[in-house]
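The letter at position 42 of the sequence shown is residue 81 when you use this note's numbering, and the numbering goes up by one with no holes.
Warning: the hint list may mix true and false statements.
Taking CB as the label site, the calculated pair distances span [unchecked claim]:
id, residue 1, residue 2, range
1, Ile-143, Gly-163, 15 to 21 Å
2, Arg-136, Ile-176, 24 to 30 Å
3, Ala-121, Asp-184, 30 to 36 Å
4, Leu-181, Arg-148, 39 to 45 Å
5, Ala-135, Phe-70, 33 to 39 Å
6, Val-124, Asp-46, 18 to 24 Å
7, Ile-176, Arg-154, 29 to 35 Å
8, His-52, Val-151, 35 to 41 Å
9, Ile-210, Ser-93, 17 to 23 Å
10, Val-111, Gly-163, 24 to 30 Å
If you are wondering where the hints come from, they were derived from the structure by calculation, not from laboratory data. What you are looking at is a predicted structure, and each value in this text was computed from that prediction instead of being measured. Ideal Cβ positions, reconstructed from N, Cα and C, are used throughout, including at glycine.
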Amino acid sequence: MASNVTDLLHAWHDFYLLVGTASATLVGLMFIAASIGAQIFKEENRGAMEAFISPTVVHFSTTLFVSIFATVPVHSGLPLTALFVVIGLAGFAFSARVWVQLLIRRSFRVDVIDRLFYALIPCGGHLLVPIAGVTLIMHPELGLDCLAAASLILLFAGIRNAWDMTMWIVIKIPVGESRIEPPT
């Protein structure tokens, strides 16, 4: 089985290289966006930061780690499955906590689309990761398809959320307040 998974993953190498690179780049851009919006990220916005910025970084990071482990040259089925199960369940638990925060606690107003993309859709993507890991043992081709679907779901949700946050930051930064002093 190990060589079968290794051979099959080799065929996916370029896909995971591309997805992993995109995820790593987007994690970095999230740090830049948070730095730019630092003047509006105050204690009264802590709930929003935990519900929106952190989950997006987690979704990108999950995709990055899945890509890293999928491109490691030496694989054996059981350890790889265990890694995907742990990564996916941790991401699912995190997304489920965000879902509870957005749906039940309602400490701030969030529309349905944001609930879907910040919590529910990523819950599905994170849940697909351990399913893919287990499926790799029984049906490697199907497991790799599930893993790719999970990565794309998380990447897509993260891109949508990063854009949403960028627009929120732009709207919230007071007009006329420049953070860069003009040269004298």
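A quick look at each hint next to the structure:
A C-beta distance of roughly 19 Å is found between Ile-143 and Gly-163, which places it inside the suggested range of 15 to 21 Å. Distance hint check: the CB atoms of Arg-136 and Ile-176 are about 29 Å apart, consistent with the given range 24 to 30 Å. Between Ala-121 and Asp-184 the C-beta distance comes to about 20 Å, which lies outside the given range of 30 to 36 Å. Between Leu-181 and Arg-148 the Cβ separation comes to about 41 Å, which falls inside the hinted range of 39 to 45 Å.
In this structure, Ala-135 and Phe-70 break the distance hint of 33 to 39 Å, their C-beta atoms being roughly 25 Å apart. For Val-124 and Asp-46, the hinted distance range of 18 to 24 Å is satisfied, since their beta carbons lie about 22 Å from each other. Checked against the given bound of 29 to 35 Å, the beta carbons of Ile-176 and Arg-154, roughly 34 Å apart, stay inside it. Checked against the hint of 35 to 41 Å, the pair His-52 and Val-151 passes, with Cβ atoms roughly 38 Å apart.
Checked against the given bound of 17 to 23 Å, the beta carbons of Ile-210 and Ser-93, roughly 20 Å apart, stay inside it. As the Cβ distance of Val-111 to Gly-163 is approximately 25 Å, the hint placing it in 24 to 30 Å holds.
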